[in-house]
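Peer 1: Sequence:
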Amino acid sequence: ELDGLNRGESSHLSPPYSFHLAVTLPVTAANCSRRGEEASECKRSKGEKEPGRASSSHSGESRRAQTQDCYSATVTLASVGKAVGDGVPAARPYPVPASPGSGLPINQDLLLMQKGTMMRKVRSKSWKKLRYFRLQDDGMTVWHARQAGGRAKPSFSISDVDTVREGHESELLRNLAEELPLEQGFTIVFHGRRSNLDLVANSVEEAQVWMQGLRLLVDFVTSMDQQERLDQPGWLSDWFQRGDKNQDGRMSFREVQRLLHLMNVEMDQEHAFQLFQTADASQSGTLEGEEFVNFYKSLTQRAEVQELFENFSSDGQKLTLLEFVDFLQEWQKEGERASDLALELIDRHEPSDSGKLRHVLSMDGFLSYLCSKDGDIFNPICLPIYQDMTQPLNHYYINSSHNTYLVGDQFCGQSSMEGYIRCSGEEGALKRGCRCVEVDIWDGPSGEPIVYHGHTLTSRIPFKDVVTAIAQYAFQTSDYPVILSLENHCSWEQQEVIAHHLTEILGEQLLSTTLDGQLPTQLPSPEELRGKILVKGKKLKTLEEDFEEEEEEPESELEGEQEAELELEAQFESEPQELSPRSKDKNEKKSKPILCPSLSALVVYLKAVSFYSFAHSREHYRFYEMSSFSEAKAKSLIKEAGQDQKGGIGKEMGWGNGRIYSTHFHLPTHILFTGNEFVQHNTWQLSRVYPSGLRTDSSNYNPQEFWNAGCQMVAMNMQTAGLEMDLCDGLFRQNAGCGYVLKPDFLRDAQSSFHPEKPISPFKAQVLLIKPWLQVISGQQLPKVDKNKEGSIVDPLVRVEIFGVRPDTARQETSYVENNGFNPYWGQTLCFRVLVPELALLRFVVKDYDWKSRNDFIGQYTLPWNCMQQGYRHIHLLSKDGISLHPASIFVHICTQEELEGADS
Numbered sequence: 010e011l012d013g014l015n016r017g018e019s020s021h022l023s024p025p026y027s028f029h030l031a032v033t034l035p036v037t038a039a040n041c042s043r044r045g046e047e048a049s050e051c052k053r054s055k056g057e058k059e060p061g062r063a064s065s066s067h068s069g070e071s072r073r074a075q076t077q078d079c080y081s082a083t084v085t086l087a088s089v090g091k092a093v094g095d096g097v098p099a100a101r102p103y104p105v106p107a108s109p110g111s112g113l114p115i116n117q118d119l120l121l122m123q124k125g126t127m128m129r130k131v132r133s134k135s136w137k138k139l140r141y142f143r144l145q146d147d148g149m150t151v152w153h154a155r156q157a158g159g160r161a162k163p164s165f166s167i168s169d170v171d172t173v174r175e176g177h178e179s180e181l182l183r184n185l186a187e188e189l190p191l192e193q194g195f196t197i198v199f200h201g202r203r204s205n206l207d208l209v210a211n212s213v214e215e216a217q218v219w220m221q222g223l224r225l226l227v228d229f230v231t232s233m234d235q236q237e238r239l240d241q242p243g244w245l246s247d248w249f250q251r252g253d254k255n256q257d258g259r260m261s262f263r264e265v266q267r268l269l270h271l272m273n274v275e276m277d278q279e280h281a282f283q284l285f286q287t288a289d290a291s292q293s294g295t296l297e298g299e300e301f302v303n304f305y306k307s308l309t310q311r312a313e314v315q316e317l318f319e320n321f322s323s324d325g326q327k328l329t330l331l332e333f334v335d336f337l338q339e340w341q342k343e344g345e346r347a348s349d350l351a352l353e354l355i356d357r358h359e360p361s362d363s364g365k366l367r368h369v370l371s372m373d374g375f376l377s378y379l380c381s382k383d384g385d386i387f388n389p390i391c392l393p394i395y396q397d398m399t400q401p402l403n404h405y406y407i408n409s410s411h412n413t414y415l416v417g418d419q420f421c422g423q424s425s426m427e428g429y430i431r432c433s434g435e436e437g438a439l440k441r442g443c444r445c446v447e448v449d450i451w452d453g454p455s456g457e458p459i460v461y462h463g464h465t466l467t468s469r470i471p472f473k474d475v476v477t478a479i480a481q482y483a484f485q486t487s488d489y490p491v492i493l494s495l496e497n498h499c500s501w502e503q504q505e506v507i508a509h510h511l512t513e514i515l516g517e518q519l520l521s522t523t524l525d526g527q528l529p530t531q532l533p534s535p536e537e538l539r540g541k542i543l544v545k546g547k548k549l550k551t552l553e554e555d556f557e558e559e560e561e562e563p564e565s566e567l568e569g570e571q572e573a574e575l576e577l578e579a580q581f582e583s584e585p586q587e588l589s590p591r592s593k594d595k596n597e598k599k600s601k602p603i604l605c606p607s608l609s610a611l612v613v614y615l616k617a618v619s620f621y622s623f624a625h626s627r628e629h630y631r632f633y634e635m636s637s638f639s640e641a642k643a644k645s646l647i648k649e650a651g652q653d654q655k656g657g658i659g660k661e662m663g664w665g666n667g668r669i670y671s672t673h674f675h676l677p678t679h680i681l682f683t684g685n686e687f688v689q690h691n692t693w694q695l696s697r698v699y700p701s702g703l704r705t706d707s708s709n710y711n712p713q714e715f716w717n718a719g720c721q722m723v724a725m726n727m728q729t730a731g732l733e734m735d736l737c738d739g740l741f742r743q744n745a746g747c748g749y750v751l752k753p754d755f756l757r758d759a760q761s762s763f764h765p766e767k768p769i770s771p772f773k774a775q776v777l778l779i780k781p782w783l784q785v786i787s788g789q790q791l792p793k794v795d796k797n798k799e800g801s802i803v804d805p806l807v808r809v810e811i812f813g814v815r816p817d818t819a820r821q822e823t824s825y826v827e828n829n830g831f832n833p834y835w836g837q838t839l840c841f842r843v844l845v846p847e848l849a850l851l852r853f854v855v856k857d858y859d860w861k862s863r864n865d866f867i868g869q870y871t872l873p874w875n876c877m878q879q880g881y882r883h884i885h886l887l888s889k890d891g892i893s894l895h896p897a898s899i900f901v902h903i904c905t906q907e908e909l910e911g912a913d914s
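If you use the numbering used here, the sequence shown corresponds to residues 10 to 914, in order.
Among the hints, erroneous ones may be present.
Pairs of lysine-lysine, DSSO-like flavour, derived with a Cα cap of 27 Å [said to hold, decoys possible]:
| no. | residue 1 | residue 2 |
| --- | --- | --- |
| 1 | K793 | K642 |
| 2 | K752 | K440 |
| 3 | K327 | K342 |
| 4 | K793 | K752 |
| 5 | K440 | K382 |
| 6 | K306 | K327 |
| 7 | K365 | K382 |
| 8 | K644 | K793 |
| 9 | K124 | K162 |
| 10 | K752 | K780 |
| 11 | K254 | K124 |
| 12 | K134 | K473 |
| 13 | K780 | K342 |
| 14 | K306 | K382 |
| 15 | K752 | K254 |
| 16 | K382 | K342 |
| 17 | K752 | K342 |
| 18 | K365 | K306 |
| 19 | K162 | K254 |
| 20 | K342 | K130 |
| 21 | K162 | K138 |
| 22 | K162 | K137 |
| 23 | K648 | K752 |
| 24 | K382 | K889 |
| 25 | K137 | K124 |
| 26 | K793 | K382 |
Hints are computed from structural coordinates only; laboratory data are not their basis.
Let the sequences and hints guide you as you build the complete structure.
Peer 2: Right, here's the structure in full:
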């Protein structure tokens, strides 16, 4: 038909023409190029037009014909590697056949990467060595050797790569710019705590090939969801190569037993041999190709999902549309949208075309749905921007970082721009959605300010470099405003330099005037401030005085300096830098710096002021002024609960939380309670809380108790992983991870009576109580805790924790399953009670039981209570660093009930 079309003959095919191309492996494109040249030569010898020169009416069909001809031959990746590798030994071809349309990208850069490149690996100024890097035939791993043809070993997997940077973005390569050309260098940044890989190619072209090729593969991997990744040949190839101990392309039964250990499952020898014999269709005594695929499928069978499916299916073979709608309504709590959603999910997850036509869901489609984002515990409605972003800044929780420039401890750790970009191998503050970063600035050499933790042994970095990094990365993750919290310890002269760098480097990103040029009546909203960087710091005058002076003659420079000195004498007080009260230099306060007017002018909506009392703030401060609190001070203000300044009436009255049945409980206006005042203070003014100076190890506090009081900026040491950062990441996982989360309405109401320490009124009014019960069903492919112990199998248990107001904070855990991390089954139900779901965070932790010592951490996942989906859901686990542990997950069933209960029960 195609040949006839090329010759202008008629055809029984009706346009548009559709052709199916079955590609064995993506690198067949190399063969395509060669065969395309042969085809063109052949057509020219016959006097036919080349496809690119075909008549306009049939040029598309001719190109399709050539393309189909190009892909008609099957070429393995290994053979192509040998064809283009100039004698470089190609990796052993993976025996599992690729499915048609596997989806891996076809690109000339990838072909050149598979050929291999000699590049210089740079670790330091003294360690720069040539290494041979090559993309393997699976397109998912990069190996390296000392030289071409040498013994190679794995360097990294594409799934490990976070991003690829150009040479000038690397601190290390910039320091070697005189020795190594920056334009030939690039940096591979990994997930987790792994160090960056700095490479220098032999030419700009080679560097571009690797940067573009790696970025293409990273984008490809990122676009795949969990179930698609399970089906990728590269993923199965990884398991096969781990199990194939002698690397002969086949797996013996002995190697199968080793694979079971690697997959973290203990199975008796008889059952393992039965699975092996079933998969060995060729009866060769080994597994290869499709046999390994069948073996893997037998390992990944989910009996608990099969049982669930059969419970809802009338014939045990399929879910009809109505059966699936009933399941979504009654068990998944999808409500009225269940009917439309059922059709969407069948079309999205049912692998059979006939099933899609009949609107039925097979067992494979049902499992695909449960394992996908649609079956995730995190409600997809909460993933994009779903909150109102037009309210004043003080109505939002703001993702905030403490001493952002530090990537280690507070005393002798390293100061680096990486703290703003990535921390200890993780995504850094800005890239993880942080919207308030801190910069401690001190006088530096040659008139250039430096950034470091004052009076400590931490290293120094130029302020100019920090601002440059912020300008580049501020809005890569979120385009909502970034707050630059300046701790200014510089002389007048270097403050001028600070103001110059901020103005020149940030340019239009920097907000230096009010948005409309008018005196504001409230703080602007995140929506209004999109793409803007705001400076938080000391300011000489109020906004009102600034606007008044615009109509007056400017004062002399001498008068300005004198007034600045008087202002600073009265109010200059920065966040303490000392490590402990004993190390505080009492004489330091005697010499206070003078605030430079040009730097003061850059502070618009976020003027830093000292806190004395809530009454003082109400009387003397304005909405655009804000205070910082140490964690100890903030805790003391929260815990002053129910103590009336005029006689302790608060102890008798108790507090409402906006959820009391049939009424909102507000305070009488003539009564003042210091405990509740912090909540009310945060409804009209911003507050920032920072860790104690005693936390020299960069540990963190629990941010939840400060969020409960409505504190907007709860600054965290983001370089330190753990429970506290899990809570921070969990809260800001919603709303597109933009760094802004709208506070509950009772924390935005200036007349709110909510008190975080006593959220329930002692009156016998009824309160709305949520009673969730949660069944922990099973786990899937949990990683090993100690990978050095090949024979060690985990004994997993699941702990479920709720963080919120004090009465809601609780935890329960399952029993442990002995020697099974591959598919452990618990089937245990845990029950909780929640009073204030608007403030609750839900955390799932999987641990390895150890009767001799503390249980080892395996994985976790944390999310806001209001972002949780009920029903049968998968929870995809994260590491301590917040990195995906794909494909590790736990399977749960969650159901909540709302009940009215007496406040005293």
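Peer 1: The structure should be examined with respect to each hint, and the outcome stated for every one.
Peer 2: A quick look at each hint next to the structure:
Straight-line distance between C-alpha atoms of K793 and K642 comes to about 42 Å, which puts the hinted pair past the 27 Å bound. Of the supplied pair hints, the one linking K752 and K440 holds, its CA atoms being roughly 23 Å apart against a limit of 27 Å. Between K327 and K342 the CA atoms are separated by roughly 21 Å; this keeps the pair inside 27 Å, and the hint holds. For the hint linking K793 to K752, the alpha-carbon distance of about 39 Å lies beyond 27 Å, and the restraint is violated.
Using a Cα cut-off of 27 Å, the hinted pair K440 and K382 holds, with the two alpha carbons roughly 23 Å apart. For the given pair, K306 sits about 20 Å from K327 by alpha-carbon distance, which is consistent with the 27 Å threshold. Note on K365 and K382: the hinted pairing holds, with a Cα-Cα distance of about 20 Å set against a maximum of 27 Å. About 39 Å separates the Cα atoms of K644 and K793, which puts this hinted pair outside 27 Å; it is violated.
Between K124 and K162 the CA atoms are separated by roughly 16 Å; this keeps the pair inside 27 Å, and the hint holds. Taking the CA atoms of K752 and K780, the gap is near 23 Å; set against the 27 Å cutoff, the hint holds. Our distance criterion of 27 Å between C-alpha atoms is met by K254 and K124, whose separation comes to about 26 Å. Our distance criterion of 27 Å between C-alpha atoms is met by K134 and K473, whose separation comes to about 23 Å.
For a cut-off of 27 Å, the pair hint linking K780 to K342 stands: about 16 Å separates their Cα positions. Between K306 and K382, the direct Cα distance comes to roughly 21 Å. Compliance with the 27 Å bound is thereby established for this hinted pair. Of the pairs offered as hints, the one joining K752 and K254 is violated, with about 55 Å between alpha carbons and a cut-off of 27 Å exceeded. With a C-alpha separation of about 16 Å, the suggested pairing of K382 with K342 holds against the 27 Å cut-off.
Proposed proximity of K752 and K342 is supported: the alpha carbons are some 25 Å apart, at most 27 Å. Pair hint K365 plus K306 holds up; C-alpha atoms about 23 Å apart against a cutoff of 27 Å. Restraint check for K162 and K254: the C-alpha separation of about 15 Å stays at or below 27 Å, so the hint holds. At roughly 54 Å between alpha-carbon atoms, K342 and K130 are farther apart than 27 Å, so this suggested pair is violated.
The hinted pair formed by K162 and K138 meets the criterion: a straight-line CA distance of about 16 Å does not exceed 27 Å. A distance of roughly 19 Å separates the Cα atoms of K162 and K137; the hinted pair therefore holds under the 27 Å criterion. Our distance criterion of 27 Å between C-alpha atoms is met by K648 and K752, whose separation comes to about 21 Å. A hinted pair counts as satisfied when its Cα atoms are at most 27 Å apart, and K382 with K889 qualifies at roughly 22 Å.
Proposed proximity of K137 and K124 is supported: the alpha carbons are some 23 Å apart, at most 27 Å. For a cut-off of 27 Å, the pair hint linking K793 to K382 stands: about 25 Å separates their Cα positions.
In summary, the structure is inconsistent with hints 1, 4, 8, 15, 20 from the numbered list given earlier, while agreeing with the others.
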